[in-house]
Amino acid sequence: MASLSVHNLYKNFGLVEVLKGIDLEARQGEFIALVGPSGCGKSTLLAMIAGLETVTTGEIWIGDRMVNSVPPKDRDIAMVFQSYALYPTMTVKQNMLFGMEARGVPKPQQEEAIRRVANLLQIEMLLKRKPGQLSGGQRQRVAMGRALVRDPQLFLFDEPLSNLDAKLRVEMRTEIKKLHNRVGKTTIYVTHDQVEAMTLASRIAVMHQGQVQQFDEPQAVYDRPANMFVAGFMGSPSMNFIPAQLVEDGGTTAVTVRAAAGGTAKLALHNGAGSRAAGKDVILGVRPEHLFRYHSDLKAQKPGLATLSAPVELVEPTGAETMAVMRVGDIEIVGRFDPDGAPRMGENITLGVDMAHACLFEPTTQRLI
Amino acid sequence: MAEATLPSTRALDPEATAARRRYVAGRVLVYGVLSVFALLYAIPLLVVVFNSFRDLPEIAHNGLINFPHSFSWDAWGQAWSSYCVGGGCNGIRQNFINSVELTIPATIISTAIGALNGYVLSKWKFPGSEIVFTCMLLGVFMPGQVALMPWAFILGKLHLSNSIAGLILIHCVQGISFTTLFCRNFYVNIPDDLIKAARIDGAGFWRIFWRIILPLSPPILIVTVIWQFTGIWNEFLYGVIFTSGSQQPITAALVALGTGGVNVRVYNVSSAAVLIGALPPLLVYFLGGKYFVRGLTQGAIK
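Residue numbers (my numbering), protein chains in the order written: chain Y, 3 to 371; chain E, 736 to 1037.
Hints were generated in silico from the structure; no laboratory data involved.
Owing to the predicted nature of the structure, the values given are computational and were not obtained by experimental measurement.
Hints are not guaranteed to be accurate.
Stated by the list, open to error - Straight-line distance between alpha carbons at most 25 angstroms, and here's what the computed SDA-like set of lysine to any residue pairs gives:
(1) E/LYS858 - Y/LYS130
(2) E/LYS860 - Y/THR58
(3) Y/LYS132 - E/PRO950
(4) Y/LYS95 - E/ARG942
(5) Y/LYS130 - E/ILE925
(6) E/LYS858 - Y/LYS304
(7) Y/LYS95 - E/LEU949
(8) Y/LYS187 - E/LYS858
(9) E/LYS860 - Y/MET127
(10) Y/LYS130 - E/ASN797
(11) E/LYS892 - Y/VAL20
(12) E/LYS860 - Y/VAL57
(13) Y/LYS75 - E/PRO954
(14) Y/LYS75 - E/SER807
(15) E/LYS892 - Y/ASP225
(16) Y/LYS75 - E/ILE957
(17) E/LYS860 - Y/LYS130
(18) Y/LYS132 - E/LYS860
Stated by the list, open to error - Just some of the chain Y residues that point at chain E, by a computed CB distance under 7 angstroms:
(19) VAL57
(20) TRP63
(21) VAL72
(22) PRO74
(23) PHE83
(24) PHE339
To be verified - Distance ranges between label pairs, derived from CB positions:
(25) Y/ASP78 - E/VAL1028: 42 to 50 angstroms
(26) Y/PRO319 - E/VAL1028: 54 to 62 angstroms
(27) E/VAL867 - Y/GLU291: 29 to 37 angstroms
(28) Y/SER137 - E/ASN920: 12 to 20 angstroms
(29) Y/GLN96 - E/ILE843: 41 to 49 angstroms
(30) E/GLU836 - Y/SER137: 47 to 55 angstroms
(31) Y/PRO110 - E/ILE843: 51 to 59 angstroms
(32) Y/ASP78 - E/SER864: 29 to 37 angstroms
(33) Y/HIS272 - E/ASN924: 45 to 53 angstroms
(34) Y/GLN96 - E/GLY863: 47 to 55 angstroms
(35) Y/ASP78 - E/GLY863: 27 to 35 angstroms
Ideal Cβ placement from N, Cα and C applies to all residues, glycine included.
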């Protein structure tokens, strides 16, 4: 039985259509990440699941119940907000008790729940403090604690880490993952950070302009993005998009791209056996980590390797790896290199392109071919 | 060597000493002017305070504006309990009590309604709530005189003419515009996420109000209470028009005391009565003024 399912959900704010037919399903215990740029409708979707926004049309089911008109308190959910939304005049303990008091949970059970969660999140020493006396990470922890004490059927997270500094964010990300592994509750997690989505989720729903672009496991979303939006959004630096043309090359298919000097380069497709229409325009998508400095040993390791020469225009070392901006035809592509043997500025590098991992997109619909 | 001589050279620097002298002269001028104006501003109050302690013959002899040459509490006692105002000779005690009985309930009720209105208009917006708020705001700009006739009509219909209850009703209704404005603008700055979190936590309209909104409200409630208390206590027009005699609030009674029909002007009793009438708002300001300024500027600077 699905823990949460959303069918053909629409939301209008006046004349503005924010969600346009969302279908989504979370299995029991699953961790679903809703990811997308600002304004894609992901927070609205979460608010609708929580019952804080009304449904225009469509259905939301939690467990075996249609909850479209069920008020938030009766949906058996808990939510962690981006702003934490801790009640400022109450202590941490009172914050955690508030929900149970409102629901009339018996006192001994309240105490037991507080003890269990405080122990789980290691916030026992904070129970008597007020939110104003806590650091960002502690507030985050307490906000999760408040959600956990109620033992709900569904956890909702609304960008819970975006107010933390970079280091703490990574720590808390790991904690959320551990916590989910331990508690095993179905979780819907909204974020604009694709790394968070990749690391935490069992499945990712990539949203854009009020629609789910792709809903799949993280690696599948990364390796086989459904369209150019998903391809560009997931991964940093973004996937390179190179205009290309399909050509027939002795029984196999290849693509030609415009090279730097005005000529063209031919890249054989890895699994390009026949069947594709030669002469068709396509967009070749290559991730930065699938570009290498070509040498003959590499050919043996990577069967789908094709070569391409490109002048290096800019080099950006980050320590662990070095990014290089190179020119192919009239576009720039970014490659991710090991700092040893990274390209140098002005060099004309011969690139090995791992075509086994390359994607082809239809230029007009922008869909994966 | 250079370090050792540094302080003395600096002290003797002619430009620095000149600047220092100009600074001191400037300060003296500023404080001098301020003191003169403060004194001018305080003189009326001082005259009243002095006169309340002087004997009537002494006032007649030395003039109204003068330092006291005699001292007695008699005028205060008379003003409070025995001076003849209007019909009776019981001083202004009853009117003072009237004002207390009028101001306290009217302040509490109008503040409570304002807080509730502000809560609804900021956190439970409904279609048209902004229009409702705009209409309530009009009350802030409406002069009290405009409402005299309607109130006369309403009080008559409700049989509340010449009663404290009638004045309470008027001040509650007239005050709601202000209290709603204050509270709504304060509550707008409370994050909506708190309300959402509480709703998911299972709290309803009233629980959220009592447990989350009200505990955050002291700054604005203090402002509202001070505003309403002083406004209602000092209000004169409704008091003098809709009540008479023993039902009058103190502001109306003070006027009656000044125009009592007796030919002799009892400056000392009048002064004492005025001061008695002015004490409660002053007291409220002294106790809460600090919060008042803080509350009014809250949100403006943060």
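Going down the list of hints, with the structure as the test:
no., hint, result
1, E/LYS858 - Y/LYS130, "29 angstroms, violated"
2, E/LYS860 - Y/THR58, "19 angstroms, holds"
3, Y/LYS132 - E/PRO950, "13 angstroms, holds"
4, Y/LYS95 - E/ARG942, "18 angstroms, holds"
5, Y/LYS130 - E/ILE925, "23 angstroms, holds"
6, E/LYS858 - Y/LYS304, "60 angstroms, violated"
7, Y/LYS95 - E/LEU949, "19 angstroms, holds"
8, Y/LYS187 - E/LYS858, "31 angstroms, violated"
9, E/LYS860 - Y/MET127, "39 angstroms, violated"
10, Y/LYS130 - E/ASN797, "68 angstroms, violated"
11, E/LYS892 - Y/VAL20, "54 angstroms, violated"
12, E/LYS860 - Y/VAL57, "18 angstroms, holds"
13, Y/LYS75 - E/PRO954, "30 angstroms, violated"
14, Y/LYS75 - E/SER807, "69 angstroms, violated"
15, E/LYS892 - Y/ASP225, "80 angstroms, violated"
16, Y/LYS75 - E/ILE957, "33 angstroms, violated"
17, E/LYS860 - Y/LYS130, "34 angstroms, violated"
18, Y/LYS132 - E/LYS860, "29 angstroms, violated"
19, VAL57, "16 angstroms, violated"
20, TRP63, "18 angstroms, violated"
21, VAL72, "12 angstroms, violated"
22, PRO74, "5 angstroms, holds"
23, PHE83, "5 angstroms, holds"
24, PHE339, "44 angstroms, violated"
25, Y/ASP78 - E/VAL1028: 42 to 50 angstroms, "47 angstroms, holds"
26, Y/PRO319 - E/VAL1028: 54 to 62 angstroms, "56 angstroms, holds"
27, E/VAL867 - Y/GLU291: 29 to 37 angstroms, "59 angstroms, violated"
28, Y/SER137 - E/ASN920: 12 to 20 angstroms, "31 angstroms, violated"
29, Y/GLN96 - E/ILE843: 41 to 49 angstroms, "27 angstroms, violated"
30, E/GLU836 - Y/SER137: 47 to 55 angstroms, "51 angstroms, holds"
31, Y/PRO110 - E/ILE843: 51 to 59 angstroms, "39 angstroms, violated"
32, Y/ASP78 - E/SER864: 29 to 37 angstroms, "30 angstroms, holds"
33, Y/HIS272 - E/ASN924: 45 to 53 angstroms, "59 angstroms, violated"
34, Y/GLN96 - E/GLY863: 47 to 55 angstroms, "36 angstroms, violated"
35, Y/ASP78 - E/GLY863: 27 to 35 angstroms, "33 angstroms, holds"
Hint compliance for this structure: hints 1, 6, 8, 9, 10, 11, 13, 14, 15, 16, 17, 18, 19, 20, 21, 24, 27, 28, 29, 31, 33, 34 are not met, and every other hint is.
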